[in-house]
Every structure is written in structure tokens, then in C-alpha cells.
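A.B. asks: Chain by chain, the residues run as shown.
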Amino acid sequence: MVNWISSLPNMSAYGTPTYFIYLLIAILPLGIGLYFGKRFSWYEALISLVFLFLMFDGSNTTQMLSLIVYVIYQTCLVMWYYHYRQQKNASGVFYLLVFLSLLPIIIVKFTPAMVGHNSLLGFLGISYLTFRAAGTIIETRDGAVKELNWWKFIRFMVFMPTITSGPIDRYRRFSKDYRQVPSREKYLQLVEKGIKYLFIGFLYKFIIDYFFAQRWLPFAERMALSQGHHLSWWVVAVAYLYSCDLYFDFAGYSLFAVAISYFMGVETPMNFNLPFLSKNIKEFWNRWHMSLSFWFRDYIFMRFVFTATKKHWFKNRNVLSSVAYMINMITMGFWHGVTWYYILYGCLHGLALVVDDAWLRYKRKNLKGLKSTALTQNVARFITFNFVVFSFLIFSGFLNTLFFGGH
Amino acid sequence: MTNRQRLWRIFGPVIVACLLVVVVLAIPWHSHHSQRTLQKAAVSISPTVFKNRSIKVQAMSDHKVKYVPFFGSSELNRMDRFHPSVMAARYHNYRPFLFGARGTQSLPQLFNMNMMQAQMKNKKAVFIISPQWFVKQGVLPDAFKYYNGTYANLLWLKQANPKSKYDRYTAKRLVKLLGDNGSVGSYSQKIAAGKPLSKWDRHWINFKLGILRNEDNLFSGLAINSNYQRRIQPRIHQLPKFYNYADLQASASRDARRQTTNNNFHVLNRFYNSRIRQAKGLRNSQKHFSYLRSPEYGDLEVVLNQMAKTHTNVIFMITPVNAWWEKYTGLSMPMYYHTADKIKYQLRSQGFNNILDYSHRGDEPGFMQDTIHIGWKGWVDFDHSVAPFIEHKQPQPHYHMDSAFLSKKWRNLKPTKKNLQNFQQTELNH
Amino acid sequence: MQEKIEQLLADATGRDASDFSDTSEDIFANGLIDSMATVSFLLSLQDEYGIQVPVSEFDRSQWSTVDKIAERVKELQND
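Protein chains in written order, with numbering that gives the first Met the number 0: chain C, 0 to 406; chain H, 0 to 429; chain R, 0 to 78.
These are calculated hints, taken from the structure and not from any lab test.
Each residue gets a CB set at the ideal place from its N, CA and C atoms; glycine is no exception.
Just to be clear, a hint being listed does not mean it is correct.
Covered stretches of chain C, going by a simulated chain R footprint (3 or more residues, C-beta under 8 Å) [what the hints assert, rightly or not]:
hint	stretch
1	99 to 111
2	302 to 313
The following label-pair restraints were derived from C-beta to C-beta distances [what the hints assert, rightly or not]:
hint	chain 1	residue 1	chain 2	residue 2	range
3	R	Gly49	C	Asn385	44 to 52 Å
4	R	Lys73	C	Thr15	28 to 36 Å
5	H	Cys17	R	Lys73	38 to 46 Å
6	C	Leu273	R	Gly49	36 to 44 Å
7	C	Tyr361	R	Ser23	30 to 38 Å
8	C	Leu359	R	Asp58	35 to 43 Å
9	H	Gln423	C	Val337	29 to 37 Å
10	R	Asp58	C	Leu374	18 to 26 Å
11	H	Lys144	C	Glu184	43 to 51 Å
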């Protein structure tokens, strides 16, 4: 028996089928509890801790330390601001707090570009935790967060199913789920959906993505590199294969996270909704990595537009929306990492949104006769998909390797 | 709908699916691969065949066709018409079963051999050693993992003897390459520390092996690549009907001349275009390479021990490097020859006397297909020496293993005449 | 109030007020309104009814139809 425990490996989240066996056995008592209308908070905390530990044990212990320090730091910031906000509401304090909350991720993202190695502060999932913490501060300022409890906040931050790669939940939504136990009817619905998502996730991540990630993409990359440091048809293959790999890997992962959350009685938001069927780029961002794009929409885009409109910064509405799109997407680029390809990726998507808006205006004015048919819709899908694939080729960093031999 | 019906509707399919999986994996499926599968697998050089057991065991014990294991690495993938598999199909009464691809150095081969231990007993084998394996770091963990799976590891651990220096050495290497996580890691640690596995450990190993064996029996015969149809079969009839060594040498020379026209390295045109033409910074890039000190010497020793255990009569070949290429990259040829000497010393002093040393033959045009792999004339020559060894009765070899070759001292020994003499007097037992 | 809201929505989106005549239809799901228009709509609500709607209070599920919007506006007016 001791041997069995000592043979527990370092388990990255949802990495292998075995991981699911351990995880599902561990959360089974929780499920039974929820079925009978009880939420075993202490047990949930315990298994969350165990699985977090397994994620970061072995060679990742410095990451575990960073995670602990980080969570304490953010909790202090958020709790302090919440208490402050009950009495006062100075803009300066708010901006300072948002800056302090973003500071760790700014350091982590800029360190590789500045000194050439990864920052010690970093750990797997830091960006996702930053969204949760910063979002909570912003909503506290708006007065939307009406109660904030440090323990619940920590649970929200390190909610085990979603810690490393999202989806990004909101504190208000999470704590509402958390306060109440779903009715039996509702819980069974969640479990039913969760099982479906889990199995679609298996199909995506362990079967379909195996071919993209292990077989086809590496082959195409090798072929492209062997042609020399220039563009070739193999690079086109890399672009499509990488896009599919990214989708099936990430969507599969997100489905796991959502499914496990459902089993734990928390309705974590969905992250993907058949993004490659989008008819335009705006729709794409409503279907791709939704929890991230909605975060940017609500906390950056809408806020910027709101303030700019109120203060009449721009005379022309179209100029305003274009500027807002660019700010939104370039920030997203920087969030992915400070490299030329992430930033270019952000710029491209910002431009695409601007062009999309301009096209809509043009169409409304000059092409009134153009009817929406199956043909026009499929042409739109085709154009959108191919643009996205092109942008993902840049995002992948493969061109960086191809042109400059970098990593 | 009652709650019970509801629960059944939700969990029923999952439970049924899980049961089916358990049933499928637990039934001891009988494995039988067709002759065609064996023939394809023998030249597939795929990691699936390498890591699993059922196909090679069946091939090695086949009564109709005489399969002979050819252990090696990337050179096995140089399938021109003089490749041993083509030559054997045309002229000989056996079929090479190719084990090896880029990255299969000594240690992966040990686990590979261990899986077909019984089938190798008192048989013959061919083993191709590349001095390029003997880098400072030895086999790379990623390459090792790619060619070596849990199945092979557990099969080895199951029979490992904690009292044997050889097995303790191997276990230490396993921990080093795979880490001490997981069941394989912890069992290896025990063996490395000289402790036997517990009853619980053995149960667990047997349980896991049962599942892995079923997976192997069920799946490893599926989706074998088409190397045979694409690269072997069409070439068989490109060889003359009757064997004539001089004629073959001449046509190999001709092929080589025709296909190495765009470069001064005597390297295949296609290889030159894809790998050398665009690459930068290769000139003098290998000046500081040395193959003299490497854990690979110890790894080779455990492989030798394995073949001694199975009384396998083995012929070795030590590969050359392309002389024009090495002049360009600045690799030290004296160092290369010393490496070959050190390897040969280790082989000979333990009774492995069938050695084809090609290390000096990289300057013959047409002998090598590219920078470090033999082809054309090299293959003809290789076949000319290997085929008689396999086809004719050979005297029983007498191996006398000496664990001093596992030592750090040997691994790091510079093989000068004096050093070797010294090593023999102070370390070896005879 | 519903009619006024339909008019404000039409102004914000540059569409015809009749597009919003189904007061129980989800205006976000069917793509009638985007984020840009949402913000100008919120601002016009503020001007029209003198209420403060912080952007993060704008939880889409509670503001998704004309009927729901009317309801929320009434609530905020009474606060």
C-alpha cells in the first residue's frame, strides 16, 4: 500500500486517462453529497489541495511556492480593496490596486523578453488567476460585488478543475453557485451534461488531437524546416494542422474542466462553441476561447468605450470603435506573451474587427440587394476560417523558428 | 421518470462502456499475426513494433521463414536496392527483422532483446554499432522513452535480479532516464539499491502486464507502415538474378555515382538538398566532438551480457563516417578510430570476436549514402560478410563477461595502448 | 416604456425599431446588438431615465430582452 502512494506520479491536469480515474474516484463522495443536497466543503478543499499538490510536486516545487505566495498576495489586495471600497471610492486607489494585481503577470510576461529566461515568479496558470483577481477588483469598484469573503475568494481562485487553463469564471457567478446546493433535478442535469462533455473531451483530446499533435503536425513541421528557412507549401500545412491541434487540444481541455466543475456542482462557463463555423470575426470571438474574449470585452473594450463616449474623446463613433478594437486585441496579444508573433497576432485580429465593421457599414449602405443565402454564408465562413488559420500560424511561433531558428 | 431510471439513463451507458473496456482488456486474447504482417513488420522499423512483443516473438519462432534480428539504428532506414532486406529477399534463405531507427542505442536494444529472450536462445544475430552513440550524455531520455514503453520496462523488472551487477546498473540507468516517479521508477529504485521486489509489487506488475499484453495482442498488428510495399518489394527485381559479388560492387558504384552529382561530399543528392545546402555553420562544427567517454560503454556492456545470457551468436559491425564530410565539419578522425578501438577491445576481451570494423572505410566513394550512413557499396560489402555468417554453421562462441566494463573507470578511459594494458592488468579478471 | 426602449435600441444599433418589436426575443443571441452598441445603449438609458448602470452590473442574462430591460430599469429607478 505504501508503495502505491509512493508511486503517485506528478500529474498534470487531465494529462492521461489514469488521471481521470483518480480524479473521478476522488470526487465521487462529493457527487453523492450533492445528490443528497449536501456540499462537503471541507472534503472538496482537501481533494483540491491533493490534486493541486500532485500538479506541482516533484520538479515543480518552486512553482507551488510561487502559487501559494501569489494567491496570498492577490487575496490581500482584493480583501483590502473590498474593505476600502465600503467607505471610499477614489479613482487613484482603484487604478493602483489594478496595477498591483497585474504586476506579477507583467513581470512574468516581460521577463523572458528582457533577460532571456523565465521568471521565477511564474507558475502554470498564472494568467488565468490574474483574470479572476483583477476582474473581482473591477467589479468591487462598480459595487457589483456585494459580499466578499477571503475563504470563498481563495476557493474561487484555486478552484481545482479550472486552475491551470480556465475557463475564466467570475467571482459573483462562482460564489452564487457556491452558496447554494443545486436541486436534485438540477444536479442530475449537470451530471448528465458533464458526462457528455467529458466524453466529447476524450474524443477531442485523446483521439482526434493525438493525430494532429503527435503525428501530422510534427511531420509537417519537420518537412517545412527541411525545405530551408523560407516559406513553402509545407508551411501552409503547418498552419491548418496547428489550428486543428490548438482547437482540439484546448477545447478538449476546457470540456474536461467544465465537466469536472459540473460534477462538483459549479456551472463553470463554456469556452468553445464550434468556432470554425463562424461567419465573421466578431462571431468567431463569441465562439472561440469565450471566457477569455468575454473577459476582455467586459473589462477592457466596454469600459474603454463607456468612458470614451461619456467624456467625448472621439467625435466619430467609427473611429472610437476601431481604436477600442485595437486596444482590446493588442492587449490580448501582450497577455499571451511579449514576443513579436503574439503582438502581431493581436494587431491582426484588431484590424480584422475594424475591417469587419467597415464592411458591415458598406454593405448596409451600398449592397442592400445582397441577400443572405447558404452560398454567401459559406463564403463568409470560408474567409473567416482561413483568416483565423493564418493568424494562428503567426500565433504558433512556428514562423519564428522557421525564419530565425529561435524557440 | 423515477430517480432510479434517471440515474440509470445517465450512468448506464458509462458503466456498460467501462465494463466492455475491462472485458476486452482482461480476456487473454490469443495473438496470431499473418505471415504478411510479419513480413511488413520486419522492415517497418516502427516504434510500435519495437516497443511491443507479440509480433517479434512470433517472427523469431516462425518455422516457415527464418527471421534474423538485425539490431542497429538509423542506417537501417537507408533502403536502397542493396539494403540487407532486399539482398536477403533476392539471394538468401533468411529475412532480416530490423530493430532500430534514429535514437535506438544500446539501452533500448537491451529492453527489446529482453522481450524475446527465449526466442533468441542459441540463435544468430547482427548488431550494428555507431560510434555516434557514444556521446558524453549517452542516450537521450526522449529517444529512450520513444522506443521503450512500460510494457518493456515491466517485463524487464519482472525478471531483474537485484544481486546482479548488470541488472543493478540497468535499473540505475532507468531511474536516470525516466525519473523516479511512477511504478517503474520506484521498482527500478529498489532493484538499483539491491533490494528484491515485494509480493505486492509482483502482483501489480503481473496485473499491468496482463493488460499490456492484451493491448499488444489486439493492436500492435494493426496499421503497420507500408515500407515493405514501397521500399523493399519494388527493389527486389532490380537486383540481378544470380549473385555475383564483383558485379554487384560495380552496379553499386554506378548507382552511387549517378546519385551523388550535385555535391563534393559524395552524398546522395536528395540528402544534400534537404539537409546540407541550406544549413549554416556546419563547417568545423564537430571539431570538439568526442566519443571516448560515454555512459554508452556501460549500456553496451549490459547488451553484451544479455546476448551472452541467451548464447546468441552475434556479428558486429562498426559504422564509418563520410571522410569528405568529416573533413568539412572538422571531426577528429584519430578520435573516431580510437572510439572504434575501445569498442572492439570491449567486445574482444569478452569473447565477441565476429566484428566487421568499417570505421576506416568512409573514404571509399559509394560506400556511404550520406554523412554517417552506409549505402550502396557499403551494403553490398556488409551483406557479403554477414550472409555467410548467418547461412553457414558457426562455432559456438564462448563469452566471458566482466563487469569491470560497467565501471566509471572504463566509461571514461582514454583507449591508449598503455591505458588498455593497465586496465587489463588491474581491472579484468583474466 | 417598452416602446421607448425599442427606440433607444434602434438608435444605438442603427437598425429599425421594428427589429426589436418582439419584446421577449434575446437581442444578444440573435446578433441584433454588439458590444459597441450596447455601451451607447447603456449611456442613453442613463440619460433617459437618470439611472446609473455600471458596466459590470450589466449581466447579459438579466438584460437580454426588451421586457427584461424594462424590468431592470424600473428596479433601478426605485432604488
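A.B. asks: Against each hint, give a clear statement of whether it holds in the structure.
C.D. replies: Hint check:
Using a Cβ-Cβ cut-off of 8 Å, 0 residues of the stretch 99 to 111 of chain C lie near chain R, which falls short of the minimum of three, so the contact claim is violated. Residues of the stretch 302 to 313 of chain C lying with their CB closer than 8 Å to a CB of chain R number 5, which satisfies the three-residue condition for coverage. With their beta carbons about 48 Å apart, R:Gly49 and C:Asn385 fall inside the hinted range of 44 to 52 Å. The supplied range of 28 to 36 Å is broken by R:Lys73 and C:Thr15, whose beta-carbon atoms lie about 54 Å from each other.
A hinted range of 38 to 46 Å for the beta carbons of H:Cys17 and R:Lys73 is inconsistent with their spacing of about 53 Å. In this structure the supplied range 36 to 44 Å holds for C:Leu273 paired with R:Gly49, their Cβ-Cβ distance being about 42 Å. Look at C:Tyr361 against R:Ser23: about 33 Å separates their beta carbons, and that is inside 30 to 38 Å. Here the CB-CB span from C:Leu359 to R:Asp58 is close to 27 Å, at odds with the stated 35 to 43 Å.
One distance hint, 29 to 37 Å for the beta-carbon pair H:Gln423 and C:Val337, is violated here, with the actual separation near 60 Å. Under the hint 18 to 26 Å, the C-beta atoms of R:Asp58 and C:Leu374, about 38 Å apart, miss the expected range. Separation of H:Lys144 from C:Glu184 is about 48 Å and conforms to the stated range, judged on CB atoms against 43 to 51 Å.
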